[in-house]
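Start from chain A and add chain B according to the hints.
Given next are the chains, with one letter for each unit.
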Amino acid sequence: MTEPRQSFETIAGCKVNVRRAGKGEPLLFLHGANGAPLWLPFMEALAGRFEVIVPEHPGFGMSETPDWLDNIADLAFFYLDFMAALGLERVNLVGTSLGGWIAAELAVRNQNPLNTLTLVAPAGIHVKGLQPADIFLWSREQTIRNLVADPALAEKMLSQPLSDEQIDLVLKNNITVARLAWQPRLYDPHLYKWLHRITVPTLILWGDSDKLMPPAYGPEFQKLIPGSKLVTFANCGHLPHVEKTDEYVSAVTKFIEGARS
Amino acid sequence: MKFYCFHLMPYADLDLDYHKKYDSAWVTLPNSYYDPKKGHILYNRYLDELEYAEEVGFDGICVNEHHSNAYGLMPIPGVMAGALARRTKRVKIAVLGRALPLLNNPLTVAEEFAMIDVITGGRLVAGFVRGIGAEYHSWGVNPAESHDRFHEAHDLIVRGWTETGPFPFEGKYYHFNYVNVWPRPYQQPHPPIWIPSQGSRETIEWAADPARKYTYLQTFSPVSALARYMQMYREEAEKRGYTASPMQLGWAVPTYVAETDAEAYREAKPHVENFFNRFLRMPPEMLLPPGYLSLASMKGVMKAKGAISGSDKTIDDLMKVGMFMCGGVDTIVQKFEEYQKQIGFGYLLTALQFGTLPHELAKKNMKIFGEKVIPRLRHLAEEPAPRARAV
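If you're matching them up, the sequences are chains A and B in order.
Residue 638 in this note's numbering sits at position 30 of the first sequence; the count goes up by one each step and never skips.
Residue 398 in this note's numbering sits at position 377 of the second sequence; the count goes up by one each step and never skips.
If you are wondering where the hints come from, they were derived from the structure by calculation, not from laboratory data.
Bear in mind the structure is a predicted one, so any value in this text is a computation, not a measurement.
Among these hints, one or two may not hold up.
To be verified - Below, a list of computed lysine-lysine pairs in the DSSO-like style, where the Cα atoms sit at most 27 Å apart:
no., chain 1, residue 1, chain 2, residue 2
1, B, K42, A, K819
2, A, K623, B, K193
3, B, K113, B, K234
4, B, K320, A, K764
5, B, K320, A, K623
6, B, K193, A, K801
7, B, K388, B, K290
Chain A with its partners taken away, still in its complex shape (with noise of 0.2 Å):
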């Protein structure tokens, strides 16, 4: 696997790490809970067709925690700055799960730097009823074998102990999720309303076996932005970029392609 390219940015008075690899479009990627502490296969793969931009969120990894940080919005907003200081245009934004939230919440505030947006088994909206796993009260263990639907690969995952360092940073990242997402618990109770703004293409992809975000949200996320599409991957969790990596950059790359012409 090549190398990517790590800076630090400072926006909005916030140290960001930042890894970038590949030539071609701007695919800026938007981490979940989990932060983005590595370069994955499918960042590596997405490099061979687009500029793979991956930032650490405020609050994450190696990034700072600044002062301002308080909710979703406040994020949508540093991202609509990172774009602009970056020199960003038509950025193909990819978010999952609290990623794709964030990308949610800056699409309906302003769009016009986008091109194309995904969203991964985001959170975001609240469908009465269904009530999404309490992330909050899962050991590691649980949140492992939670997050995928292969138990060959949560097997996997559970046997690569972690450093002090990387347990260092899942509290500083619990820490930061708990503060955006733990009370409403992982929506914002006015996103729903505005999501019909979002007229760039969308794509919306799903586990059908993701046990955090139910797969019946998919459907009303498609409801509530005009035009969008909705692909749901068989036999896979809440991380369809980990477990169905080549199904993942293909149903990505192909959108975007399409969306170009």
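Just chain B now, with coordinates in the frame of chain A:
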């Protein structure tokens, strides 16, 4: 020294086999485990016990706030304080406390505490806490905002008690155009404020500040932690240019005293083990939600492996570390005297009913403690220990 009788009012009739189906007596244990008819008897029994504490010589009695569990059945502690306000005549009533970040409107605490203070003619002690981590799960309150909300709510309440209203309060979490607390508290400028804590440098620095000098209570901790945090408080006070009085330091500890060591051990054993292993049982994710502790404190806790392990404790484990004080009269007097001299606390808050301890044993415990232990410890901590001032 001053002596307070501390009560949690647990649901002592809890089916102790619940743990075969549920991992905690908090948050997710169905309330079908609670029988209100048994609860009726327990509440009245526990109020009798706290009233009895006045009879046997305690200086104060303590109630406190907990939610959605079998461990402590005083979700609205002011109800109990109100009942006790009229049935007691002499003792202080310490509400330890209200959990400020859990409340939507902290001014309700300013009112509730002022009411009790006025009814009792100034017998209220105002306790402020952040609540147990589990309660952030039950109450849907963001643990990452816990510290900030606590400080802001505290400022609002103390200003509401001490400044002439109406005045505006402009906070991040609480904003009012007209803060105007009626009734005003009986004790002026405000009732004494106590800060119960499991121990953190941030809390101690804040409580020890000369603008506050709040009494810091170390709750349900090993003696080694008690000594460390009390020393930390005294050092913080010296750094800030004054010597902390023993009355700024208190220790809350479950205690059982009988005529002999053997009798105390035998009588207390099942009940104190139930207290720690059943009523306090919870997984670490429930106890320490993210943000409840600062990142630095959380790292420390994670590295001290075993500190929050789920393994059951025996009475011997608990006595060894001083999380449970148990013995005959002479043993108990000697241990408390030794710890007081070493550690210098001025308040002792003994929980004399714990877990499943039945009424007769709780009363016997209280009677012996009140009549035979308190008189022999009373003289301690009358003067602050002489200490060289930092130049």
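Evaluation of the provided hints:
1. Straight-line distance between C-alpha atoms of K42(B) and K819(A) comes to about 22 Å, which keeps the hinted pair within the 27 Å bound.
2. In summary, the hint linking K623(A) to K193(B) is supported, as the alpha carbons are separated by about 25 Å, within the 27 Å threshold.
3. Only pairs whose Cα atoms come within 27 Å are accepted, and K113(B) paired with K234(B) is accepted, the gap being roughly 19 Å.
4. Of the pairs offered as hints, the one joining K320(B) and K764(A) holds, with about 26 Å between alpha carbons and a cut-off of 27 Å not exceeded.
5. Distance hint between K320(B) and K623(A) is fulfilled; the C-alpha atoms sit about 23 Å from each other, no more than 27 Å.
6. A threshold of 27 Å between alpha carbons decides the hint, and for K193(B) with K801(A) the separation of about 26 Å falls inside it, so the pair holds.
7. Straight-line distance between C-alpha atoms of K388(B) and K290(B) comes to about 19 Å, which keeps the hinted pair within the 27 Å bound.
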